[in-house]
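Same order as they appear, the protein sequences are chains Z and V. With my numbering applied, the first sequence corresponds to residues 1333 to 1577, in that order. With my numbering applied, the second sequence corresponds to residues 32 to 578, in that order.
Don't read these hints as lab results, they were simulated from the structure. Bear in mind that the values here come from a model prediction, so they are computed numbers and not experimental data. The C-beta atom is built at its ideal place from N, Cα and C for all residues, glycine as well. Some clues are possibly wrong.
[Unchecked claim] Label-pair restraints from in silico Cβ distances:
1) Z:1484 x V:551: 54 to 62 Å
2) Z:1424 x V:518: 49 to 57 Å
3) Z:1484 x V:38: 55 to 63 Å
4) Z:1484 x V:508: 56 to 64 Å
5) V:543 x Z:1451: 56 to 64 Å
6) V:535 x Z:1451: 52 to 60 Å
7) Z:1411 x V:533: 52 to 60 Å
8) Z:1487 x V:535: 32 to 40 Å
9) Z:1481 x V:38: 47 to 55 Å
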Amino acid sequence: MKFSFLRRKKNDHQDNPPPLVLNAQNCDPYLSEQIRALRARYEKRTEALDWKVLAVTSASAGEGKTFSSANLAVNLATDGRKKVLLMDFDLRNSELAKGMGISSIPGLSEFLSGTVQLNEIVRNSFYNGLYVIPCGAKISNPTDLFTKITFKTFFKEIRNQYDYIIVDTPPVIPVSDALIIREHVDGFIFVVRSGFANYNLIKQAVDELGEDRILGVIVNGVKLERNRFYKRYYGKYYTPPQKNR
Amino acid sequence: MPLRTDLEPKEYLDIILRRKWVIIFSILFVICMSLFILIITPVMFKSYTTVLIIPQRVPDAYVRSTASGWIEDRLATLGPLVMSRTRLLKVIDEYGVFKGKQKHIRPPEDIMVELMRKKIELSVDTRNDSFTLSFAHQDPMTAMLVTKRLASFFMEENLKMRERQAEETSEFLVTHMKEAKEKSEAQEEKLRQYKYRYLDELPGQADVLLRNIKGFQIEYKNLNDRLRLAEERKANLEIRNQSLNKTLSSILADNTTSYTSESSDETSDMAQPPQTLTELDRKQARLAELSQKYTDSFPEIQQLKVEIRQLEERLHYPKKQDSTIKTDNRKFNLNRFYQRLLAPESEEKLFVREEISKAEKEIGALKKELKGVQENINKSQEKLSNTPMREQEYVALTRDFENHRRVFEELKRKKLDLDLGEAIEKTQEQARFQILDPANLPTSPFSPDVSRIFKFALLGGIALGFGGALGLEALDTKIRGTKDFKYYCQIPILAILPVIKGREYSRRMRMNKMAIAGGLFSFIIAISILLIVYSLKTNKISLFWGS
Chain Z
1333 MKFSFLRRKK
1343 NDHQDNPPPL
1353 VLNAQNCDPY
1363 LSEQIRALRA
1373 RYEKRTEALD
1383 WKVLAVTSAS
1393 AGEGKTFSSA
1403 NLAVNLATDG
1413 RKKVLLMDFD
1423 LRNSELAKGM
1433 GISSIPGLSE
1443 FLSGTVQLNE
1453 IVRNSFYNGL
1463 YVIPCGAKIS
1473 NPTDLFTKIT
1483 FKTFFKEIRN
1493 QYDYIIVDTP
1503 PVIPVSDALI
1513 IREHVDGFIF
1523 VVRSGFANYN
1533 LIKQAVDELG
1543 EDRILGVIVN
1553 GVKLERNRFY
1563 KRYYGKYYTP
1573 PQKNR
Chain V
32 MPLRTDLEPK
42 EYLDIILRRK
52 WVIIFSILFV
62 ICMSLFILII
72 TPVMFKSYTT
82 VLIIPQRVPD
92 AYVRSTASGW
102 IEDRLATLGP
112 LVMSRTRLLK
122 VIDEYGVFKG
132 KQKHIRPPED
142 IMVELMRKKI
152 ELSVDTRNDS
162 FTLSFAHQDP
172 MTAMLVTKRL
182 ASFFMEENLK
192 MRERQAEETS
202 EFLVTHMKEA
212 KEKSEAQEEK
222 LRQYKYRYLD
232 ELPGQADVLL
242 RNIKGFQIEY
252 KNLNDRLRLA
262 EERKANLEIR
272 NQSLNKTLSS
282 ILADNTTSYT
292 SESSDETSDM
302 AQPPQTLTEL
312 DRKQARLAEL
322 SQKYTDSFPE
332 IQQLKVEIRQ
342 LEERLHYPKK
352 QDSTIKTDNR
362 KFNLNRFYQR
372 LLAPESEEKL
382 FVREEISKAE
392 KEIGALKKEL
402 KGVQENINKS
412 QEKLSNTPMR
422 EQEYVALTRD
432 FENHRRVFEE
442 LKRKKLDLDL
452 GEAIEKTQEQ
462 ARFQILDPAN
472 LPTSPFSPDV
482 SRIFKFALLG
492 GIALGFGGAL
502 GLEALDTKIR
512 GTKDFKYYCQ
522 IPILAILPVI
532 KGREYSRRMR
542 MNKMAIAGGL
552 FSFIIAISIL
562 LIVYSLKTNK
572 ISLFWGS
């Protein structure tokens, strides 16, 4: 998804909700319901497995990882009871900072480089309880940063400070970044986009991550207009969203 | 990734709807291709003519048709004659069948003839005894004229063939009839000669032969009995003769001395009569002895008979004796002495000897007759034993003769039928060809068949479209929907997020629509152009023809 973030003000704190996050008032009620369901299942399963740090990834780019991780993090935080950290781990090509309405610099890449401290990169977001670590300056080959001792201690440092840590990672197949943090996160949420994701790539990605390390799958981009169930229940109870152009 | 095995009908519909443009564009593509084919395919017109075979008016039961074979056989013979290279080339040149725009270029003759044969169609309707001839050409008038000409060829060849067939059949029959007649006559002659030669041994003569044999056997028996009696009688006579000789000898012995004293110079002659008589007796005794054992043909018996006869002549026939011996009065007197002396016994002896002679003659005759009868019996028996063989030979000869005769009669009958058939042929009462429907001038092309092509194009397009859609779907490795994901992966689903129809989505949809619209527009333009070209082509032909 491309968003015209260029006209937005680059500051930590915004008056308007970030564009990446769903607006409950004028979005598809089914979509917001599914996000809430995602949150509920997430809480239940992570509690059962005692997982705190989860990476959101996919087989290939453009499947909705950033959107899913942002909205999940927002939904977890808006509960008011939990402290949630949303981290952008895609140091090569990320849109999370823009989507969340914050500046990407300084971010994780600066922290891992050692130029800034951790507290400098953790930002408040529009939502109470949700904190965001942007990716920082984009790096074409961030593998070197991952070998530093800073990176290894980073996850240990932040683990105890937050209730939920959502890590938005690059796709598994094109780059190996997601595999690098495999040992630092508790598990993965796999995002699959219907009509877009390649089965072979998905299988390869799942094999590389390890099926037992995947909390669950978010199936994105499903067309529901012809779904009788949807029409019967959601069409009846919810008014269709106004179109925003 | 192959299609899931648990696809629901709704999902198939989803596939079709998702690939609808593949289907639609496939159909449009095939329609374009078919239009293109219609444009490039030359328009052909076909002219038809139907020929009826009218059967002969005189029923076959009265006069058999001279030409054999029914419609299929006849057409099988006429077809090659009409489609011969010479005739077709004649038609090609006469009507300019292959005259193209480049008139100076003439295709090779072999190719022209082959093309011509392919354009001619012949279909038989056995139910109505007719056949339909058709010819296709780009020019309808040429098609009609050529069809008409070919039909006339069929009719001409049919008449010629019938005449030729009747002539050949007649010649054949005459030749074979002559042969059969010669064979029949030769066999008849053979049979006649056989009958003449083996008349007694033919079948039916066996009873006659048996009766003859029986008769000859009876006759043989009778003769044999007579022979036996004659021999007995002869034996008795010879015994009597011996006894008479003994008596004579004793009389002679008693009277010889008295005579010799009277005439001493006759001593030498005296000795003769007793010696002659003694010798005669001895010889007669010997003859009687041998006769008991041997037949008259025994050499010694014959010798004895001659000697006895000579001795008797010397004794009883002085004349004869005088003719052979020098006449001597004394001898003559001596003989007469002995004759007076032996007169009574001599008379009996003479009688006995005559009887013996008769008996011998009778015996000889009977033996001869017996021999003849035995020969007859043997001949008859031989004939009787040959009768089965002669019967077989006779039957074989008779059978051969009858066969040849039968063949000759059959051929003669066929020749009569043929002559009658030829007579009727001349009055045109026989089966002939008649044009039922003359060659028509086609007004609409028969090729290409537009509706058929479009039907096939539509079906082909649909098949290609649906097949392509399913094929693409099978080759597509994308996951579509949660069911696909659940089928291939067993990871739990946390959430199902619908499509967010934001700006990007709308833009993409717009792009898709524009692409589809562009494709549709292109196809519509292409189809329109092709339709216009095709219309011009067909209109051009019809305008030309109308003029």
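Legend entry - Numbers of unmet hints, in rising order: 2, 3, 4, 5, 6, 7
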